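There are 2 protein chains.
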Amino acid sequence: MSDESAPIDRILARALEAATGLDAPPGLAAALRHAVFPGGARIRPRLSLAVAEACGMPHPALSGAVAAAIEFVHCASLVHDDLPCFDDSALRRGRPSVHVQFGAPLAVLAGDALIVQGFDTLARGCGEAPHLLPKLVSLLAGCSGMPYGIAGGQGWECEPRVDPVAYARAKTGALFAAATMGGAASAGEAPEPWRVFGEQLGLAYQLADDLADLLSDPTAIGKPVGRDRVLGRPNTAHLLGQDSACARLETLVADAVAAIPACRNREQLRSLVAAEVRRLLPPDLSRAA
Amino acid sequence: MSDESAPIDRILARALEAATGLDAPPGLAAALRHAVFPGGARIRPRLSLAVAEACGMPHPALSGAVAAAIEFVHCASLVHDDLPCFDDSALRRGRPSVHVQFGAPLAVLAGDALIVQGFDTLARGCGEAPHLLPKLVSLLAGCSGMPYGIAGGQGWECEPRVDPVAYARAKTGALFAAATMGGAASAGEAPEPWRVFGEQLGLAYQLADDLADLLSDPTAIGKPVGRDRVLGRPNTAHLLGQDSACARLETLVADAVAAIPACRNREQLRSLVAAEVRRLLPPDLSRAA
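Going down the list, the protein sequences come from chains A and B. Positions 1386 to 1674 (this note's numbering) are the ones given, in order, by the first sequence. Positions 1386 to 1674 (this note's numbering) are the ones given, in order, by the second sequence.
So that you can see chain A by itself, here it is in the shape it has in the complex (with noise of 0.2 angstroms):
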């Protein structure tokens, strides 16, 4: 989780050449370009390789496919998320979303083709050590998919009653779990152990991204705020107030980070997690933090 996201964005731009080339549909091709580059804080690919770092990272290549892999599947879901069907969202990372730009059309076919890229980056990158690749595909499966991936937690959104826990833990929880695990995974480790502390940031970072939605001021974030209350979301800030949830985002910081297993850089990876954190907070906050 180092403060340049410059490598990951050349794995993705790698990763993105073949799909996008001379013989693919112009306007697609520039659709996918859009939904990837240029990225916002690129958090969950920088935390797999921030994992898989920690754990000596034998294979570096299959590593970043993971991350790219992981980074392709949440474009996806953002280029869904903001169609007109959900949350209408006009404007993402401060420019126009997919589908205003380029139409609800290739937005749908977009989010479907970065899918895929996920899932064939992967199988790409596993070269040297094809013996991981049915683990890691399960990871991304599982984390993208149903029943606890985000088409899970975007399919609690359209239900008359949602538990706020399941529904948190599916649409944030699980893909940031999928960056520690398959970090983990991609260095040959267990992936287990990392679960926890995958999930308990999501939810610090889900708990963060509640807040700037609360305070926020919609240029500095380069999305609309108050949207959530608008579309009827669960915002666990809204529910709790500002410093009761800065408190709990406190807690779950603190028990992400006491759930790091053993590993290599095990303090390193300690100290990054705290500077992630105070990147995430609204400016007022993170003087604070």
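Source of the hints: derived by calculation from the structure; they are not laboratory data. Worth double-checking, as some hints may not be accurate.
Here are some chain B residues pointing at chain A (derived, C-beta under 7 angstroms) [as the list claims (entries may be wrong)]: (1) 1410; (2) 1491; (3) 1500; (4) 1529; (5) 1540.
Being a predicted model, the structure only gives us computed values, none of them experimental. Where is the CB? At the ideal position from N, CA and C, for every residue including glycine.
Based on the hints, put chain B in the right spot on chain A.
Okay, now just chain B, sitting in the frame of chain A:
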């Protein structure tokens, strides 16, 4: 390609169980089941299993998983294709399409979850032959994503100028090629020699579908007819006229059959293809075939 799709349906049902259990959001779970059951002719998975069988099928569970994965991706493409922003088709397999029954949000999510389910099914099915997984994931990604898979094909529909050959190859041919190649790969055979057989069959199938759009009674095929003209889609049967289209179909099938590589049950596979092609044709033509 036996007349029975019951074995395929059992594999699909088992693969879908984990995704749609008690922990799943009920609406999305119901949408997934509606998208997959009852099925159409299941021609792609039956083709895939027939090729695996012709190659000796040393790993039946894996061959079943490949067949199911291909059908999941196919069902996903139908659900997204029927959406209001694409074909806006209210009818599929004689019943309301997914977005009509469950709304557009759940239709988008059902497609996403079915794509994921395809890859998950491969990973779960590779137990006894994990070394075959990288190739199988690449094949499934290639036939479903960008630039040469279904997403690429649908992407061409959004372009002002379309190369009809590239379009048909991506939208239909790719999944048929993945069925034959995946069937062979699941048996540990090199997939590449099986590509032309699948691609030609895919073109034949597309042409038969184009003929059905031109000639059929909508109640007989369970979806609207004459849609290609309304939607401005390339339709070779419209272009060639009925007689030339039938002659072209005969050539495509002959080419496909001639392209079947050497294998244990080549003759059996040939006669199965001939029987299958008769099933594909609109009733009037099939009596003549």
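Outcome of the hint check:
1. Evaluation of the residue 1410 of chain B hint against chain A yields a held restraint, the C-beta minimum of about 4 angstroms falling below 7 angstroms.
2. Interface hint at residue 1491 of chain B: satisfied, since its Cβ lies 6 angstroms from the closest Cβ of chain A, which is below the 7 angstroms cut-off.
3. Contact between residue 1500 of chain B and chain A, as hinted, is supported at the beta carbon level, the nearest pair being about 5 angstroms apart and thus within 7 angstroms.
4. For residue 1529 of chain B, the shortest C-beta to C-beta distance to chain A is roughly 5 angstroms, which falls under 7 angstroms, so the interface hint holds.
5. Because the smallest distance between the Cβ of residue 1540 of chain B and any Cβ of chain A comes to about 3 angstroms, under 7 angstroms, the interface hint for this residue holds.
Consistency with the previously given hints is maintained throughout, with no hint failing.
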